[in-house]
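J.: Chain residues, written in single-letter form:
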Amino acid sequence: MSGVAQARAFVRARGRGHRTWSDRYMALMTAGLLVVLAAPMVGRAVAAVPDGVDPARAGAGLALTALLLAGALVFARVLGPVAVPPADAAWLVLSPLPRRGVLARSLLVLAAVSVGIGAVVGLALLSALGAPDALTLRLLAAVVLGASWALGGMATAVLAQGSASWDGRLVAVIAALVVVAAVAAAMAAGPGQGVLVGIGSASLAAWTAAASASAAVAAGLAGRAWTAVARIPARAVLDASTRAGLATGAVALMDPSALTWIAEDAHWRTRVLRSRAWPARLRGAAAVAWLDWRRLARRPGRLALMAAAAVLPALAAQAGGGVAGALVVLATGAAAVAAAGTAGARRDAGDAALARLLGAGPRALLAARAVLPALLGGAWLTLALAALDAAVPGGPFWPLGLLCAPALAAGALRMARRRPVEHTLPVMDTPLGPVPLGPLVWALTGADIALLGCAPALLAFAGGVTAPLLAAQAAVGMAVLAAYCAAPRR
Amino acid sequence: MTEMIIDARDVGVELGGVPVLGGVDLAVEPGEVVAVVGANGAGKTTLLRCLAGLQQAAAGSVAVLGRPPVDEPGFWRDVALVGDEPAWYPGLSVAEHLELMRAVHGPGRMEVRAAVELFELGGCADRAPASLSTGQRQRLSLAMALLRPSRLLLLDEPERGLDAAFRDRLADLLAAYAADGGTVVMVTHDPRFAEGARRVALAAAA
Chain C
1 MSGVAQARAF
11 VRARGRGHRT
21 WSDRYMALMT
31 AGLLVVLAAP
41 MVGRAVAAVP
51 DGVDPARAGA
61 GLALTALLLA
71 GALVFARVLG
81 PVAVPPADAA
91 WLVLSPLPRR
101 GVLARSLLVL
111 AAVSVGIGAV
121 VGLALLSALG
131 APDALTLRLL
141 AAVVLGASWA
151 LGGMATAVLA
161 QGSASWDGRL
171 VAVIAALVVV
181 AAVAAAMAAG
191 PGQGVLVGIG
201 SASLAAWTAA
211 ASASAAVAAG
221 LAGRAWTAVA
231 RIPARAVLDA
241 STRAGLATGA
251 VALMDPSALT
261 WIAEDAHWRT
271 RVLRSRAWPA
281 RLRGAAAVAW
291 LDWRRLARRP
301 GRLALMAAAA
311 VLPALAAQAG
321 GGVAGALVVL
331 ATGAAAVAAA
341 GTAGARRDAG
351 DAALARLLGA
361 GPRALLAARA
371 VLPALLGGAW
381 LTLALAALDA
391 AVPGGPFWPL
401 GLLCAPALAA
411 GALRMARRRP
421 VEHTLPVMDT
431 PLGPVPLGPL
441 VWALTGADIA
451 LLGCAPALLA
461 FAGGVTAPLL
471 AAQAAVGMAV
481 LAAYCAAPRR
Chain V
1 MTEMIIDARD
11 VGVELGGVPV
21 LGGVDLAVEP
31 GEVVAVVGAN
41 GAGKTTLLRC
51 LAGLQQAAAG
61 SVAVLGRPPV
71 DEPGFWRDVA
81 LVGDEPAWYP
91 GLSVAEHLEL
101 MRAVHGPGRM
111 EVRAAVELFE
121 LGGCADRAPA
131 SLSTGQRQRL
141 SLAMALLRPS
151 RLLLLDEPER
161 GLDAAFRDRL
171 ADLLAAYAAD
181 GGTVVMVTHD
191 PRFAEGARRV
201 ALAAAA
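The listed protein sequences correspond, in order, to chains C and V. Using the working numbering, the letters of the first sequence map in sequence onto residues 1 to 490. Using the working numbering, the letters of the second sequence map in sequence onto residues 1 to 206.
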């Protein structure tokens, strides 16, 4: 028995966390329930894999798959990825115990999560490219391919946690995935459709070879990560554990806004900022609102990412989601982009200490703070709709983008100022099962007035863009924002 | 007759039906530095929150600057509060937090550069507050409060995280603020602040 195992056994023997048969039964039941819920979805996805290759669908699907993988790696890099529970962080990491033994359990969890994500990536890949023959074997090859990519990526992220040079390589991999996504999306539009057809109709032997090669590379990276983790700096593990602990707490307490502060503080903590004077003409509420502009200007990478994300709705439509899928991505994207300009309002809603020191009037401040999310949301929506116009019939939709901007700003500000989830609200019985009202109300706060303010635009999507609907959208959007800013509040 | 800055009479506060403060009288004149001292749980912070309009009194009356305190901008234009948790905006440097305060309130009691020097923030002026130590964040909060114009300064344990040398400097800064016509009410556990104060109001457990 290793020292780590002895230490864990000691803690288990004296701790309160003794696992009963009931605990094991519940864990087994949960796992079984997950399988029962996931199996039909996987079955439907496999049944929907096309026989032939549609270049537009293949390109869009490839792009989304690459972005999914890149997103997973970015998330792993931000969070750690190697983290341990608070007790292990406090007592076992800073101890003479072999570090690899202390971290082995976390590594096992990471590997399992990677394989799970990889399986989804593989299925998405097959769904995008199609299976002209031997569906089962192609599915197996695709899952191995996806799992290898995800596992290899996670191993690189583990190596990056303890080494600056590997961190550079991880960033390069993420950038390469984004480039692959962009190229695939461009090829779907026309110039590379022949290549996409070639990829989609590749023989089973080619799929098997690619899967085998990827598995070999992933195994090599995993082995290297396993070796390197013995020398991973304690500080890197402790920092990641703190972030993971805060994130877990935020999820457990259903306080997702706490996650944004974890990410914000982690981003700014290590940076030197070039202090500049405030623009001399800005006074009062406008001066307070300016902080969001300055903060955003300091994140050009995020701005570029947001601009690039404007192609996602078109990709979602082309990858098989249709107009409905595109609308979901449009709504989510526009809300997220508008929310990127409301950090100041979010901070003041969480802790009003600075707002009190600043003493700015709430209505004037809201009005001043609405300008940035309106510009961001409106510009992004216009870009996304212009891209969508090329992918779906019924447009042009792009003029709706800027007209929706005021409603998006009102929704983003309301979202930024919402209170944490109210867990004391009752659980509502619905035909789909019990729904807790607290999280539901929290999730809908902000989306409610954004949807209300964009109602004419939604009608335009359903029945076509007309001049009266455009005029109605302009009026309703402005009215919603004006009403939200003018509502009495402290 | 001098206008009272704070006139609190027979103030009582209940939290969840449990009395945490009772029968407190406090009268503060302009230019005074008042230290509220007492044992843990005596209700010092509750009294300060009452004076700031963040906590409703269940009994008695509270008047600050001649009117009941309310948590709204009109009140905060005259009153500066430094609470128990320093706060900051993401993406702004230390110096920019001070710039923001000056931009919103106009020229105040001191220039930004002077505040950076006085509060020994020069070494971290270009860093985000998220990267600062507890003491540095506390100095930033105090600098922001003292930079802006105000008539009343409410401080909850201003000594938190500060080193001994800077505590002395802060006591001098608060005395200068009072000499300039401002009024300070602070909750403190540090005897040097209590000694330097013109009056010490002992908070009694309810």
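Please note that the accuracy of each hint is not assured.
Stated by the list, open to error - Derived DEER-like restraints, expressed as beta-carbon distance ranges:
#1 V:G41 x C:T270: 53 to 63 Å
#2 V:G74 x C:S22: 51 to 61 Å
#3 V:N40 x C:L425: 31 to 41 Å
#4 C:A234 x V:D168: 52 to 62 Å
#5 C:G322 x V:G106: 50 to 60 Å
#6 V:G106 x C:R105: 33 to 43 Å
#7 V:D84 x C:L425: 46 to 56 Å
#8 V:E120 x C:A280: 24 to 34 Å
#9 V:E120 x C:A263: 37 to 47 Å
What the hints assert, rightly or not - Quick look at which bits of chain V chain C covers, simulated, 3 or more residues with Cβ under 8 Å:
#10 69-78
#11 87-98
The set of hints was computed from the structure by calculation and includes no laboratory data. Just so you know, these numbers come straight off a predicted model, no measurement behind them. In this text, a Cβ means the ideal position worked out from N, Cα and C, and glycines have one as well.
J.: I want to verify a distance hint. Is the separation of the beta carbons of D84 of chain V and L425 of chain C within 46 to 56 Å?
T.: 29 Å, violated
J.: Between E120 of chain V and A263 of chain C, does the C-beta distance stay in 37 to 47 Å?
T.: Because 30 Å falls outside the window, the suggested range is violated.
J.: If you check the beta carbons of N40 of chain V and L425 of chain C, does the distance land in 31 to 41 Å?
T.: 35 Å, holds
J.: May I ask you to test the hint 52 to 62 Å on the CB atoms belonging to A234 of chain C and D168 of chain V?
T.: About 38 Å separates the Cβ atoms of A234 of chain C and D168 of chain V, which means 52 to 62 Å is violated.
J.: For the pair G322 of chain C and G106 of chain V, does the Cβ-Cβ distance stay inside 50 to 60 Å?
T.: 56 Å, holds
J.: Assuming the hint says 33 to 43 Å, is it satisfied by the Cβ distance from G106 of chain V to R105 of chain C or not?
T.: 58 Å, violated
J.: Apply the coverage criterion to the stretch 69-78 of chain V and chain C: a residue qualifies when its Cβ sits closer than 8 Å to a Cβ of the chain, and three qualifying residues are needed.
T.: Coverage by chain C holds here, the residue count being 5 at a Cβ distance below 8 Å.
J.: Mind checking the hinted window 51 to 61 Å against the Cβ distance between G74 of chain V and S22 of chain C?
T.: 59 Å Cβ-Cβ, so the 51 to 61 Å window holds.
J.: Residue count check for the stretch 87-98 of chain V against chain C: does it reach three with CB-CB under 8 Å?
T.: Since three or more residues must qualify, the claim that chain C covers the stretch 87-98 of chain V holds, with 10 doing so at under 8 Å.
J.: Should the hint that G41 of chain V and T270 of chain C are 53 to 63 Å apart at their CB atoms be regarded as holding?
T.: 39 Å, violated
J.: Note whether the CB distance of E120 of chain V and A280 of chain C lies within 24 to 34 Å or breaks it.
T.: 27 Å, holds
Checked against the numbered hints given earlier, the structure breaks hints 1, 4, 6, 7, 9 and satisfies all the rest.
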